[in-house]
Amino acid sequence: MLYVFENIRPFNLKAVLDGGQAFRWKEENGRFVGIVKNRFLAVDYSENTLSVEINESSSSKEEDIRFIMDYFDLDRDYLTLEEELTKEYPELKKAIEDGSGNRILHQDPWETLISFIISANNSIPNIKKVIERLCEKYGSPIDYKGKTYYTFPSPDALSNLSEEEISCTRCGFRGKYIIKAAKMVQSGEVDLRKIEKLDTKDAVKELIKIPGVGVKVAGCILLFAYRKYDSFPVDVWIKRAVEEIYFDGCQKNIKEIIDFARKKFGERAGFVQQYLFYYFRGKSI
DNA sequence: TGCCAGGCCTTCC
DNA sequence: GGAAGGCATGGC
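Residue numbers (my numbering): 1 to 285.
This list has only true hints and no planted wrong ones.
Here are the simulated lysine to aspartate or glutamate pairs, EDC-like style, with alpha carbons at most 16 Å apart:
#1 Lys-255 / Asp-235
#2 Lys-94 / Glu-82
#3 Lys-264 / Glu-88
#4 Lys-26 / Glu-132
#5 Lys-201 / Asp-259
Quick list of the computed label-pair ranges, beta carbon to beta carbon:
#6 Lys-263 / Pro-211: 27 to 33 Å
#7 Lys-93 / Val-4: 31 to 37 Å
#8 Pro-10 / His-106: 15 to 21 Å
#9 Arg-262 / Glu-47: 34 to 40 Å
#10 Asp-156 / Asp-75: 31 to 37 Å
#11 Lys-145 / Lys-263: 48 to 54 Å
#12 Lys-26 / Lys-264: 31 to 37 Å
#13 Glu-132 / Lys-183: 21 to 27 Å
#14 Lys-26 / Lys-61: 21 to 27 Å
Bear in mind the hints are in silico, worked out from the structure with no lab data behind them.
Every residue gets a Cβ at the ideal spot worked out from N, C-alpha and C, and that includes glycine.
Take the sequences, apply the hints, and build the full model.
Structure follows, in structure tokens:
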């Protein structure tokens, strides 16, 4: 089934799907192919038009359309957002122009939780590989047009693994965190649905109860899965970017940077973070 | 070989 | 409560 959305702009597919917020997308013959929840998607964008091919499933057309609009945040006016941010923060002009069309996806909390546990002290290419092995090994197959794809494994599928078993994914020291996180979610000790209702600070407190989740990983989960746009996850790139732009290159600690960003960017901190990450990381690769 | 990657945990003051 | 080390793995 093919769905076409016109008048969508700006939209930078590569920035969105290959920019370090989602890890399961692959570029294939000029379009991006990936698995979201239990669906196969192939996405293409040109001339202000977004085309999304989805495998046949039990869901209705209306459900598919709602799902796509929700996942890609199509209801938001990013053109105005970029204009406002550029006007209000001229020092970010280059980063926003460079990353124009970047968007923040609305991803599944469970998948985002595990993905960002894996992201700790890791590189994006390697994170993708580990997640792919995790899905192939413990996810469910989806057959489409002669190829087999795999869903992201459920909490149940991961909660009973031993550290030795999960080490086949090459996840390294994070294996024990993944298993423990799965146990906590599966048993209900952590309720991922409840996080939605909390404000960002309380949500961080709740998430960092999970081993392998610190302030940065929690920030990513809240931004990419819970649409908490005042979240400002600070990794090595964001730290450098903020120090360079706002502190004349002087070193600041993480907490200082978060507090600064919250105050300066407020409810739009997450978007700013995404433009900065894409721009500063892109400069070095 | 050494250093770094969308950091976190433990230990030690 | 803040500063250091350690940590699996892969790429350069």
